[in-house]
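Kindly generate the complete structure, drawing on both the sequences and the hints.
In the order they appear, the protein sequences are chains F and V.
Per the working numbering, the first sequence starts with residue 1, numbered consecutively.
Per the working numbering, the second sequence starts with residue 1, numbered consecutively.
To be clear, the hints were calculated from the coordinates, so they are not data collected in a lab.
You may find that some hints are simply not true.
Which copy is meant is left open, so a pair is good if it fits within one copy or across any two.
Below, in silico cross-link-like pairs of lysine-lysine (BS3-like), each with a Cα-Cα straight-line distance of 27 Å or less [stated by the list, open to error]:
| id | residue 1 | residue 2 |
| --- | --- | --- |
| 1 | Lys-388 | Lys-103 |
| 2 | Lys-60 | Lys-28 |
| 3 | Lys-388 | Lys-108 |
| 4 | Lys-413 | Lys-388 |
Number of protein chains: 2
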Amino acid sequence: MPSAYDQMWEKLNLDLEAHEGLLAVLGKFYGDIYMSQQGRLKGMEYLDFVLSEVHGLRIKELQDAKASGKKVVGTFCVFVPEEIVLAAGAVQVGLCAGAEIGKAEAEKVLPRNTCALIKSFVGFKLAKLCPFIESCDLIVGETTCDGKKKAYEIFAEYSPVYVMEIPQMKAACDRELWKSEVGRFKSTVEELTGNKIAAGDLRDSIHLVNERRRVLQRLNRLRAAVPVPISGRDALLINQISFYDDPVRFTAKISELCDELEQRVKSGAGIAPDGTARLMLSGCPMAVPNWKLPYIIESSRAVVVGEESCIGTRNTRDLVQEGSATLDDMIDAIVDRYMRIDCACFTPNTERLDNIVNMARELGVKGVIHYALSFCQPYSMEAYKVEKALSAAGIPMLAIETDYSMEDVEQLKTRVEAFVEMTR
Amino acid sequence: MPSAYDQMWEKLNLDLEAHEGLLAVLGKFYGDIYMSQQGRLKGMEYLDFVLSEVHGLRIKELQDAKASGKKVVGTFCVFVPEEIVLAAGAVQVGLCAGAEIGKAEAEKVLPRNTCALIKSFVGFKLAKLCPFIESCDLIVGETTCDGKKKAYEIFAEYSPVYVMEIPQMKAACDRELWKSEVGRFKSTVEELTGNKIAAGDLRDSIHLVNERRRVLQRLNRLRAAVPVPISGRDALLINQISFYDDPVRFTAKISELCDELEQRVKSGAGIAPDGTARLMLSGCPMAVPNWKLPYIIESSRAVVVGEESCIGTRNTRDLVQEGSATLDDMIDAIVDRYMRIDCACFTPNTERLDNIVNMARELGVKGVIHYALSFCQPYSMEAYKVEKALSAAGIPMLAIETDYSMEDVEQLKTRVEAFVEMTR
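Below, the structure is given as structure tokens:
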């Protein structure tokens, strides 16, 4: 079916036929997983709309921004300081991808033993399926894992790539390296945009990004209620869209949704029947449209009440301290905030173990499902430590390794159901 | 069969029965691969002896050193500056392992999708098979790859582990971080040994380690001769043993072997029949007893004339600059030398591409076999760039991914034979 956006997609050099196929599959998948839910919040209509226009209206907005002279910066990781991009008047969008469609193309340049997320973004590029990638003036990678670090070198043959170095420990020399990298990034963004970042710009953008984190923190607090007032799928979608949507509009819309949620919590209404097991997810990020595991869990007499992941609390837990008077102090505040990220790229990464146990206790979950993408060594290896920490706290854990294919759905469902049964 | 070393191994808490099995298999494997060769240098007898006593006499020497108050430091990576360990009067030994025997134990704590080298050293520890690990007062890991970085966290539950952070780029801030890490390592080694490193000690150890590198450089130059005067297997063994043996004795013995080799080169004698294809290996290190691929290649009308790997030129190409007057200057020289390592952990890593092409040209090879351990993301992903660089230079490349199992030997042999045929 021809779309009103065909001309735009054609200009972005997408493979129109394959792209139409992608949107059709995505629409069907979304319908099955999302529109089938009962008792959804009215506020979710906005998210449904944004998702339905993810390659349409949102791309049109990016193109309009570009036409007005703005630059678009794409990222794959919560380590890239959005505050700096926004302060320079640019737009930042997340490029992590959760679909398998470009896999065959990706495997022409990447080993088969590469995680699905990396294959997905490389595949989207090579198969000409992602209007976000094609809208970017700069794509910012980072060194959080071997797979991405080396994939960016290949990706750079196709797109304008800049890579930030992320330290692997948290000593003083690591903070120095990271501060130097933040400074290098600031210069790069200033050069890209032609805008020198002033203290006032950065103060505003720090506040703006913090406001989005605050509203997501509020969402997380409301989700902790018993009975749970929103499905894990819907909460995940909100977190996913936070990486793509205009931050001011998104924050306002989610604030309204939280008002509605608050009413629901006050009224004692929930979305799951009594006896539904409260579980938490922990591990790798789930990028759009990777809703496989939450859907399996929530079809197994359980509900997800929290996501300890980059598309989850790892992105929202810490704020940049506000109130700094000078640009230098603001940069220091940014440096400090991002150094607190508890990514498995750090060694050791005991903060993450503490954060998971605390989160599981605060949310009153019956168990944790640890999710690692196959071939994601940092998270799949850290699962061993997570299980030990949770076990010491008396909280059972199920470790799952999977990818974006649907081949293992039945097998995963059997394992999840057995785990849910066990937690009763 | 009881060994004269049983008592020593028992004191080291080895699993004697399993260890006896390991030595029997190792002896058989060595016999098949090494002792079957024709026209070996007389100097190889020393290497045969050292290998036959790898868990015997060499361990006895380490135990004697410990009894005299010396400390033993184990390492897994060419980034650990041996100069500092030796200057503090300690002994350094390489712990990388090339056998599959402890795999089942390792997979109890590591994901199956972990490279064979990591599974091997973890397995050796858990299965109580490695007298080197058990002799160590400190085991030094590093952050060169996700797999090792996270495995050390688990390994630290069983052995005294210290981890050095390796930067991922080569800018000024990376050198600063690395210098800070070298300083932290020096303090750690001084504390371990109780010996404060003086300028004279470090000057001597820099010279000593350089001397070992120089003799291995000489070996590499002699191997470049046509016809090739030494098998790739024998040269690999020499490089492997350089990580275990006493450095002074080793250098003297390899110097004698090079004298013999020089005579052979002068006389125009070679070890392979006319028409044998000259090939080069590039990629992951091959730790003892991982001789699988060189043996396959050298049973396929080809000979290996160089190894671009950590157990190869990556460990010997660069010297620490000598002649510094002060301790600080010597540390700077060490920092600079190790920053030149062209490990795939760096991004970008174009030096490696240049080094490979130069080496292939200098050695006059017909082709390069790129060897990556399965699940080693840095090297398996960089293979794409290596192939491009070699292709631009008109040199064919065969990319192989394998592990320590023997299951794929016939399949590899077929691929290698086809590649050798193609290079003619």
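Which constraints among the numbered hints does this structure fail? Numbers only, ascending. none
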